[in-house]
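Chemist: Here is how the chains run, residue by residue.
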Amino acid sequence: MGDEKYTGILIFAEQKNGIIHKVSYELLNKGRELANQLMAPVYCIVVGPKSMDLQELIYRGADEVYYVGNDFLNLPEELIYTENIINLIKRIKPEICLFGATSFGRSLAPRIAGNLKTGLTADCTELKIDEDGKLIQIRPAFSDNILAHIKTKTYPQMATIRYKEFSEAERDINRSGKIIKVDPILVEKTGVKILRELECMENDISEAEVVVAGGRGIKTPEDFKILYELAELLGGVVGASRAVVEENYISSQHQVGYSGNRVKPKLYIACGISGAPQHLAGMREAERIVAINSDPSAPIFNIADIGIVGDLYEVIPTLIEKLKKKEVAV
Amino acid sequence: MRAEVIESLKQIVGEDWVLTSLDQTKGYLYDETEELMRPEAAEDSIVVKPGTTEEIAEIMKYANKELIPVVPRGGGTGLCGGAIPTETSIILSDERLNKIIEIDEENLMATCEAGVTLADLLEKLREYDNLFFPIHPGDEGAHIGGMVVENAGGAKAVRHGIMRNHVKGLEVVLPTGEIVNLGGKLIKNNSGLDLLHLMIGSEGILGIVTKATLKLYPESKYSGTLLISFDNRRDAIGVVPKILQSGIIPLAIEYMERDIALESAAHIGEKWPAEEGSVDVIVMLSENKEDDLYEKSEVIAELCEEHNAVYTMIAETTKEQRSILAVRSNVYTAVVHDAADALDMAVPVASIADFMNDIFALAEKYGARTPSVGHAGDGNIHNFIMRENGERPSYFDELKEAMYKTAVKYGGTITAEHGIGKTRVSNLAIQLSQKEIELIKGIKKVFDPNGILNPGTIVNKR
Amino acid sequence: MNIGVLIKQVPDMEKVKFNSERGLIDRKSAGTEINPFDLNALEAAIQLREMTDGKVTAISMGPPSAEEALREAIARGADEGFLISDKHFGGADTKATAHTLSAAIKKLGGFTLIIAGEKTVDGDTGQVGAETADYLNIPHVSYVSHIQAVNLDNIQVISDIWSGRYLKEMALPGLLTVTKNINTPRLPSFKRKMAARKAEINKLTFEDLKEYIALEECGLKGSPTWVNKIEVPPTATRKGKIIRNDTETAVNLLVELFKEMKVMEG
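Chains as they are written, first to last, in full-length UniProt numbering: chain A, 1 to 330; chain B, 1 to 462; chain C, 1 to 266.
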């Protein structure tokens with residue numbers, strides 16, 4: 001049995017500029033599932049600017065939403081957030097505390113756990129409840145080569161959870177719950193001042209999650225436009241084989257291969273790339289590979305999860321159209 | 001290509017494995033040969049991708065009967081036009097022969113099909129505790145079959161030698177369609193003339209290698225890469241024979257001029273660690289005992305200091321050592337777009353300093369920019385003759401011939417590892433006698449009476 | 001400026017073998033090295049020392065053999081190395097590690113700045129840096145990709161956080177965790193390497209730290225989390241599904257895949 005003083009599952013719903021980060025809805029989905037097993041409530045904490053509409057969190061599964069709203073909270077100030085969150089955790093006393101493993105979540109959670117003198121498990125990809133009602137936290141380690149099952153002796157049992165591991169909670173507008181406004185705690189001296197937000201740099205191909213790459217099958221430099229369009233829809237970047245870089249279709253920063261960038265995205269879409277060893281060396285470790293090529297004998301098909309033998313000038317525009325329709329539908 | 005040929009080939013390998021339209025065959029027409037040096041490819045050539053040795057045998061029988069040229073192709077990483085079809089040909093790609101058949105830990109041998117890439121083999125070996133294959137010609141996309149017939153060299157020849165020293169057995173399809181097995185997992189083998197070694201380095205004119213058995217080594221536990229910087233080329237190259245004479249046998253001793261090191265590093269997005277000096281010598285060491293590694297490094301560092309080295313660094317992590325090797329390996333691809341030609345001469349190691357000094361003097365005489373990198377530890381240097389305004393410079397032919405003659409003067413060769421292929425056929429007589437060239441032609445005739453296999457390579461078709 | 005750098009000795013990840021059938025990690029043939037991200041932390045510290053003078057101290061908690069990593073840190077430019085090693089410290093999770101490191105930092109005293117890598121390649125948690133700052137009761141800035149300016153009282157850095165980039169000014173003393181984009185670590189000079197092989201590494205045991213940490217806060221005892229089980233998932237094999245000349249089916253299949261992979265949400 002869990003410790004009776006601690007009940008419920010608390011989810012830190014991260015926001016920026018008043019918009020809830022999607023990982024929060026994923027956590028609500030998993031959190032609700034665990035809460036049902038434990039027959040316990042789901043709490044959310046939101047720290048952010050004034051006048052946020054938080055009904056959505058209730059539609060997505062929260063029973064109680066604690067909202068610390070003030071415009072000075074619309075900056076990534078770990079120490080101010082820490083104080084406010086600790087205050088609420090102490091008040092709510094949840095048995096489980098979940099944070100998205102975003103950069104901000106990873107920077108916040110250790111301070112909170114340290115302060116609460118409780119354990120923290122990083123970057124989980126799965127959560128379960130064992131027969132004693134304790135949380136099993138499953139996380140990759142050793143550079144994603146193993147999965148460790150971790151348990152926590154102290155309360156609350158705290159974990160950060162990777163983004164895009166769980167699907168988002170279904171929306172149910174008939175759900176009801178409470179939104180509780182909480183006065184912010186002002187921290188006078190945090191020791192950190194945010195001077196300004198800087199412009200983001202162009203997405204680095206070697207760290208991109210999705211790469212849409214073009215090769216010899218792309219007939220003119222202008223045709224890279226459709227790859228850019230697809231990449232944008234998938235939140236990815238554009239890559240290229242050496243052949244088209246040498247033809248000056250696209251700059252060498254985009255080159256993927258043995259001479260060029262080695263990439264390890266979640267998804268690699270090779271368009272009109274035959275798959276010379278030189279190219280494969282740079283992308284074969286992608287988690288999923290899709291290849292589109294008119295030549296059924298192209299070696300790229302040997303390493304593809306999905307191989308499409310066909311004309312990329314037909315497949316990609318059709319795909320883009322379909323994705324756009326989907327977006328409107330959502 | 002005639003329709004009936006295409007049809008017959010489809011009969012042999014299946015519909016999917018014959019490419020005929022130019023937008024599909026385009027990628028198979030050229031290799032890595034410098035743009036200004038490479039011969040024009042016959043664009044009506046077609047590509048076939050057989051899946052078995054038997055299919056290759058059938059293709060060869062058919063081609064031999066119909067007198068259609070066949071150009072074998074591996075990874076397309078060659079540097080002498082060996083894989084470029086100069087007349088309407090069947091380009092025979094070995095890419096589907098991509099299985100690693102056996103890693104024999106007891107005999108320390110690997111057997112793989114010809115289309116296995118060097119990268120595949122190296123990756124496979126990483127699954128084992130300590131197996132090591134030393135030949136590294138730079139581009140790991142090279143196919144094993146291509147490495148055999150081009151007798152690949154690369155950086156680590158100082159200790160272990162070249163491809164020729166590592167090929168123990170071959171399965172070969174002859175131009176007339178017969179399949180032969182040469183050699184085996186033997187250390188000694190004295191039966192008859194050595195056809196195995198004739199096949200190694202034959203640049204695809206005597207037969208099509210379909211399978212190779214290669215020698216492996218147990219990997220030493222401690223490795224380190226010394227990066228030694230010098231202020232001038234003479235000091236840097238001068239130290240190389242001294243290192244070898246000290247009795248230390250590193251895996252590799254590489255020479256690289258800083259401007260191209262920086263260019264190559266930028267090309268692959270790495271940072272070149274050396275800042276002081278203008279020329280670097282890279283020494284790769286691999287030892288079974290940690291103390292040996294450092295003791296040998298110390299001897300080398302001292303020798304370099306005597307030769308006015310300005311700074312010496314050591315890389316020991318896998319990642320940092322690999323980064324240095326990657327910069328070295330990618331020099332060619334980084335520089336080639338601006339090069340008229342990349343030469344590949346070698347001389348006896350003791351002569352390397354004198355030879356390079358002569359080469360520097362020649363370059364000065366013509367006012368030419370000839371950046372150099374090379375496998376200095378085995379006497380092999382790559383000099384680039386750079387373009388001027390995008391063109392071959394006016395002095396190009398004269399300078400190149402003078403450089404070749406300098407190499408031969410020192411008892412050297414005009415090509416240490418890239419091969420004669422189709423781009424150096426006319427230069428061969430600088431090094432070989434007329435009689436030697438006649439012998440090569442005679443041997444070619446015995447294997448390939450109709451001259452259908454990779455015509456125009458090494459020797460002219462007559 | 002006195003800078004402490006937190007380093008960890010890790011196995012060479014390229015050589016560690018994972019046995020999925022038996023759920024084992026075999027690191028015996030792997031050799032060890034400094035956690036690659038910690039090399040960025042060390043390099044950042046050395047560059048700051050070059051700008052401001054002072055001293056760089058490498059601090060590591062680990063078994064006695066982790067001395068090697070500290071010698072390597074000295075070869076790469078650290079002035080001194082401290083190894084926190086004791087049987088009582090074994091089996092520590094991130095909390096106990098952060099607590100012990102903070103005790104050592106307090107014991108050594110006098111640091112203006114502590115720098116840690118973003119995460120380690122074996123534990124992969126990325127928690128120890130910020131948690132150590134909490135135990136030290138000093139501010140921290142995470143995911144630092146650039147150091148803009150520094151003086152005796154504060155340091156300005158760029159932090160890649162919150163889906164953006166922020167210029168932050170942190171009062172000193174404080175702690176930074178740095179990303180690999182902050183610099184390219186230099187190679188050790190051969191001379192320094194040879195000298196460092198003989199360098200004396202200072203040791204800190206529980207005895208030395210006991211005024212800052214209690215026995216039950218160390219190692220396994222002080223660790224609220226514990227590994228219940230380890231799985232080595234088999235390497236994923238490619239599905240290798242081929243669709244020929246059927247755009248409609250192909251596109252539908254791709255949309256399904258994108259949904260499954262959640263790449264459509266940007």
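Because the hints were derived from the structure by calculation, they are not lab data.
Only a predicted model underlies this, so the values are computations on that prediction, with no experimental measurement involved.
Hints are not guaranteed to be accurate.
[Said to hold, decoys possible] Below, simulated EDC-like cross-link-like pairs (lysine to aspartate or glutamate); rule was C-alpha separation at most 16 Å, straight line:
| no. | chain 1 | residue 1 | chain 2 | residue 2 |
| --- | --- | --- | --- | --- |
| 1 | A | Lys-22 | A | Glu-170 |
| 2 | A | Lys-189 | C | Glu-169 |
| 3 | C | Lys-241 | A | Glu-170 |
| 4 | C | Lys-191 | B | Asp-129 |
| 5 | A | Lys-164 | A | Glu-287 |
Chemist: Against each hint, give a clear statement of whether it holds in the structure.
Modeler: To see whether the hints hold, each was checked on the structure:
| no. | hint | verdict |
| --- | --- | --- |
| 1 | A:Lys-22 with A:Glu-170 | 12 Å, holds |
| 2 | A:Lys-189 with C:Glu-169 | 13 Å, holds |
| 3 | C:Lys-241 with A:Glu-170 | 31 Å, violated |
| 4 | C:Lys-191 with B:Asp-129 | 32 Å, violated |
| 5 | A:Lys-164 with A:Glu-287 | 14 Å, holds |
Hint compliance for this structure: hints 3 and 4 are not met, and every other hint is.
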